[in-house]
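Just so we're aligned, residue 150 is where the sequence shown starts under our numbering, counting upward by one.
Among the hints, a few may not be true.
Said to hold, decoys possible - Here are the simulated DSSO-like pairs of lysine-lysine, each with C-alpha atoms no more than 30 Å apart in a straight line:
(1) Lys464 to Lys438
(2) Lys438 to Lys247
(3) Lys382 to Lys448
(4) Lys438 to Lys448
(5) Lys448 to Lys464
(6) Lys464 to Lys382
As the list claims (entries may be wrong) - Distance ranges between label pairs, derived from CB positions:
(7) Glu244 to Leu211: 17 to 23 Å
(8) Ala328 to Gly502: 29 to 35 Å
(9) Phe459 to Ala435: 32 to 38 Å
Just so you know, the hints here were simulated from the structure itself, not pulled from any lab data.
Glycine included, C-beta positions come from ideal geometry on N, C-alpha and C.
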Amino acid sequence: MVVLLVVVMLIAGATPLRPGHAQQDDPKGNLDALQQEMTARAREETALDAAARALHKELDGLRGEMIAAATAAQAREEELSVLEAQVQALNTQLERKKAALLSQRGRLAAVLGSLQRIALAPSGALIAMPGRPVDTLRGAILLRAAIPAIEDEARILRGELDILARLGTDIAVRRQEIAGVAADLGRARDRLETLFARKRALLEETEGQRKAASAQVARLAERAQTLRDLLRKLEARAAMVPPLRKPPQPGAEGSPSQGAISAPGSTPAALPAARLTRPAGLREFAEAKGQVVLPARGKTAGRFGETTDFGVTRKGIVILTRPDAQVIAPFDGQVVFAGPFRGYGQILIIEHGGGYHTLVAGLARVDAIVGQWVLAGEPVGLMGNLDAEQTELYVELRRGGQPVDPSPWFAQRG
């Protein structure tokens, strides 16, 4: 080809080609440049795949640490609730004992007065007392008969006072335990915050994808009139989303195949969204009846199917939690909604597959994002602290958009 071009130019009497112009129009040179660009792109993609593997591995490690830290925080919360209930019960007993003793002040004063008189005037001293012998004898007989009753009363009084002392000691011990557990809870929460900060730093690579997904879900929420409508729209959106890229496989660091080489002029390969990568080993929700964990520790106050004070049938359950309680994912799945929705406040919807969704509402802070995959026990938010003794977490389970009783699905706690 090059020879043919030279012959044509010589025949036409053209002047010799300038070196730069020849290099620009040289097909062989263009082919070499193309091959070099393809090789560079291949190296770039290999490096990005390696970075994605490292990021994915670190996120998996963080997920395990966060589940452990959230479990520790919830255990400390539950322990605090038990200790505080014990202190409250002890305080109630203490107040009742005090009230009972106060109500018997007259009788106790008489008992104490009698004991003082006996101590000051023992029975042997009655002989020296003035008066007729028969009166002295009668007084001694009466005193001897009264002493056992007085001693019984004194013994009862000592027992009551001992109980008061023990109650006071028990309360002091429990309060010390509360202080220790509260410190442990603070450390667990600090650990979680550190892990969240690290996770946020790792996920900054995919901030653009996160914002795009969140914006799309927010638009769906604006158009949805009911929760069922929202779930239907979310399911329709999920059906339109193309399959996510699988996580890079170990050992794939060698030279990529010819088909993997980017075409010249195309957009350079981007680091895969590690948080959108489906974790391995996700369980099937349909087979997990009795294995789903409650999102928060606390007392179940409202049950599925009950009629509320407003005359509405309850579609989920209500858990009374501590202020600032840790909220976790009840089961493996993907976050499809996170944010405010109509009368539900801040809510989180997790899709588990098979048409199952769980909804968690009443959170003050949501620590999950749309598209994020979560495992059971992974922290996803916190309850509020409005200077109240308890806060309410609302939990729904839906299948095909219809609410179902979640109680049989939750694991029984001992």
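How the hints compare with the structure:
no. : hint                         : verdict
1   : Lys464 to Lys438             : holds, 18 Å
2   : Lys438 to Lys247             : violated, 50 Å
3   : Lys382 to Lys448             : violated, 33 Å
4   : Lys438 to Lys448             : holds, 21 Å
5   : Lys448 to Lys464             : holds, 18 Å
6   : Lys464 to Lys382             : holds, 20 Å
7   : Glu244 to Leu211: 17 to 23 Å : violated, 49 Å
8   : Ala328 to Gly502: 29 to 35 Å : violated, 44 Å
9   : Phe459 to Ala435: 32 to 38 Å : holds, 33 Å
Of the numbered hints given earlier, the model fails hints 2, 3, 7, 8; all others are met.
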